Structures are given as C-alpha cells and as structure tokens.
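Residue numbers (the working numbering), protein chains in the order written: chain Z, 1 to 115; chain E, 1 to 112.
Incorrect hints may appear among the rest.
Claimed, not checked - Which bits of chain E does chain Z cover? Going by a derived footprint, with three or more residues having C-beta under 8 Å, they are: (1) 17-24; (2) 45-53; (3) 64-74.
Stated by the list, open to error - Ranges between beta-carbon positions, derived for each pair: (4) E:Ser82 with Z:Ser22: 28 to 34 Å; (5) E:Leu45 with Z:Leu11: 24 to 30 Å; (6) E:Asn30 with Z:Ala61: 24 to 30 Å; (7) Z:Glu69 with E:Thr68: 40 to 46 Å; (8) Z:Leu27 with E:Asp38: 19 to 25 Å; (9) Z:Leu27 with E:Asn58: 16 to 22 Å; (10) E:Gln14 with Z:Ser73: 44 to 50 Å; (11) E:Asn58 with Z:Gln17: 38 to 44 Å; (12) Z:Tyr10 with E:Leu45: 20 to 26 Å; (13) Z:Thr5 with E:Lys109: 25 to 31 Å; (14) E:Asp38 with Z:Ser80: 27 to 33 Å; (15) E:Pro8 with Z:Thr79: 36 to 42 Å; (16) Z:Glu15 with E:Ser82: 36 to 42 Å; (17) E:Asn58 with Z:Ile60: 30 to 36 Å.
It is worth saying that the hints were derived from the structure and are not from the lab.
All figures in this text were calculated on a predicted structure; none of them were measured in a lab.
Don't be surprised by glycine CBs; every beta carbon is placed ideally from N, CA and C.
Letter by letter, the chains look like this.
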Amino acid sequence: DGGITQSPKYLFRKEGQNVTLSCEQNLNHDAMYWYRQDPGQGLRLIYYSQIVNDFQKGDIAEGYSVSREKKESFPLTVTSAQKNPTAFYLCASSQTSGGDADTQYFGPGTRLTVL
Amino acid sequence: GQQLNQSPQSMFIQEGEDVSMNCTSSSIFNTWLWYKQDPGEGPVLLIALYKAGELTSNGRLTAQFGITRKDSFLNISASIPSDVGIYFCAGPFTGGGNKLTFGTGTQLKVEL
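Given the sequences, and given the hints that come with them, work out the whole structure.
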C-alpha cells in the first residue's frame, strides 16, 4: 500500500534532549513537509523540501532541523533550543508538478511530549 | 499575507442534520482542498476543487468552488457520529514552493 508513515506514534522526552521524528513515504513524491499542531489550533509549517538534498524554512523553523538525503525520507529533529516542543507533529508529501501538485497527503502524526 | 477564514469555528449538531461550513480567502485561489482530521490522526483529503464554480461530491459530502475564487463551501448531508472531527480548507500559497495555506478549521460534534 502506498502512503506516509510516521514513527513513533507517541514520544516522550526529557527537557533538554534532542529528539528525531521519522517520516517515510512510498508515493514517489518529490516534496515533503513538516507541520506542528497545537491543541485546538491549525497547522503551522516548520520545514519543507521540494527535492532531495534541499529544504527551506517554514513559518516556525526555530529550534528544529531537517535533512533530505533520500527522496522517501524527511526526518525532523526537535532540538533543545525549541522552547515549547510538546505538540502533535504531522508529515506530508506531494507532487511538485502535474494536476495533483497542490494536494498534500498526510501521515498519521507523532505526538511529542517533553517532560 | 494570505489568510483563510473558516466558519463556524465549531458546531454541535444532531445526528441526521445537514451541515454547512465555509472558507473565505483574502486572495484568489486556483485550487481548494477540504480535509478532515479525526482526533489524534493526520488530516485526510476529502475533496479537491480545481475550477471556479465547480461542484464536487464525495458520498454525503459536497463542496463548491466559489465563482469569485475567494471562497469555498463544504456541505455534509444526513450527519452521522463518525462525521465528528475537524474540517480544514486549504489552498496553494501564492508565494510558490508547493506550499498550502490552511484554514483555522471547523470542529464538528454530533449529538446522538
């Protein structure tokens, strides 16, 4: 089955520790995205990547880092510099051309709790 | 910058009722997307609209691309308990980069 997987579903970390969230897609999409969602809020873009080995900051990139070494993978690291890291993190992917280029498909999310 | 305003913010309805929500933009969109997010899950695409005036259905869901290209509507007929969730509209960010601008969401709660 084609889709996007995120692991783990729930993640607990102590304050001050870096943590990496996994996102993998087998949809052969060029673009991948990371969003943060706080309770009762909408989606805020952290980072996005339109092609392998390239990525851009979104609206709230401070305290986060990403890499895009493979087309199918876009891991997100939440660093200790992120002041309020507890949130629900969503990964998405999309085509970059063609009729479906604007449509993003989401993974199931990772809920990160920093204690 | 671009903004998408969704209304209502939340709604409580009885099972079997029809539901209507809308999304308005400060700028023109060429595509409108409607997503549903179940609690604790990622958003799932419901309907994609690509042409002004377009009316598209997906089961009990119907969405319309406003003719001004600055708004879109989502209707749910004969609501059932599993319709509970948050509904988001989205459109392509005009600054490029294959990014989307998302609405603030409409939370739907269904009373049995």
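Are at least 3 residues of the segment 45-53 of chain E within less than 8 Å of chain Z when you compare beta carbons?
-> It holds, with 3 qualifying residues against the three required.
Between Gln14 of chain E and Ser73 of chain Z, is the Cβ distance one that fits in 44 to 50 Å?
-> holds (45 Å)
Hint says 24 to 30 Å; check whether the CB-CB distance for Asn30 of chain E and Ala61 of chain Z agrees.
-> Since Asn30 of chain E and Ala61 of chain Z have Cβ atoms about 27 Å apart, the given range 24 to 30 Å holds.
Distance restraint hint 20 to 26 Å, applied to the beta-carbon atoms of Tyr10 of chain Z and Leu45 of chain E = holds (25 Å)
May I ask you to test the hint 36 to 42 Å on the CB atoms belonging to Glu15 of chain Z and Ser82 of chain E?
-> holds (38 Å)
Are three or more residues of the segment 64-74 of chain E within 8 Å, CB to CB, of chain Z?
-> Violated - the segment 64-74 of chain E has 0 residues with a Cβ nearer than 8 Å to chain Z, which falls short of three.
Cβ-Cβ distance between Asn58 of chain E and Ile60 of chain Z: within 30 to 36 Å?
-> Since the Cβ atoms of Asn58 of chain E and Ile60 of chain Z sit about 32 Å apart, the hinted range of 30 to 36 Å holds.
Range agreement (Cβ of Gln17 of chain Z with Cβ of Asn58 of chain E, hint 38 to 44 Å) | The hinted range 38 to 44 Å holds for Asn58 of chain E and Gln17 of chain Z, with Cβ atoms some 43 Å apart.
Does the hinted range 40 to 46 Å hold for Glu69 of chain Z and Thr68 of chain E at CB?
-> This hint holds: roughly 44 Å between Cβ atoms.
With respect to the beta-carbon atoms only, verify the hint that Leu45 of chain E and Leu11 of chain Z lie 24 to 30 Å apart.
-> holds (26 Å)
Given coverage of the segment 17-24 of chain E by chain Z, tested with a Cβ cutoff of 8 Å and a minimum of 3 residues | violated (count 0)
Is 19 to 25 Å a correct range for the gap between the Cβ atoms of Leu27 of chain Z and Asp38 of chain E?
-> holds (21 Å)
Violation of the numbered hints given earlier is confined to hints 1 and 3; the remaining hints are satisfied by the structure.
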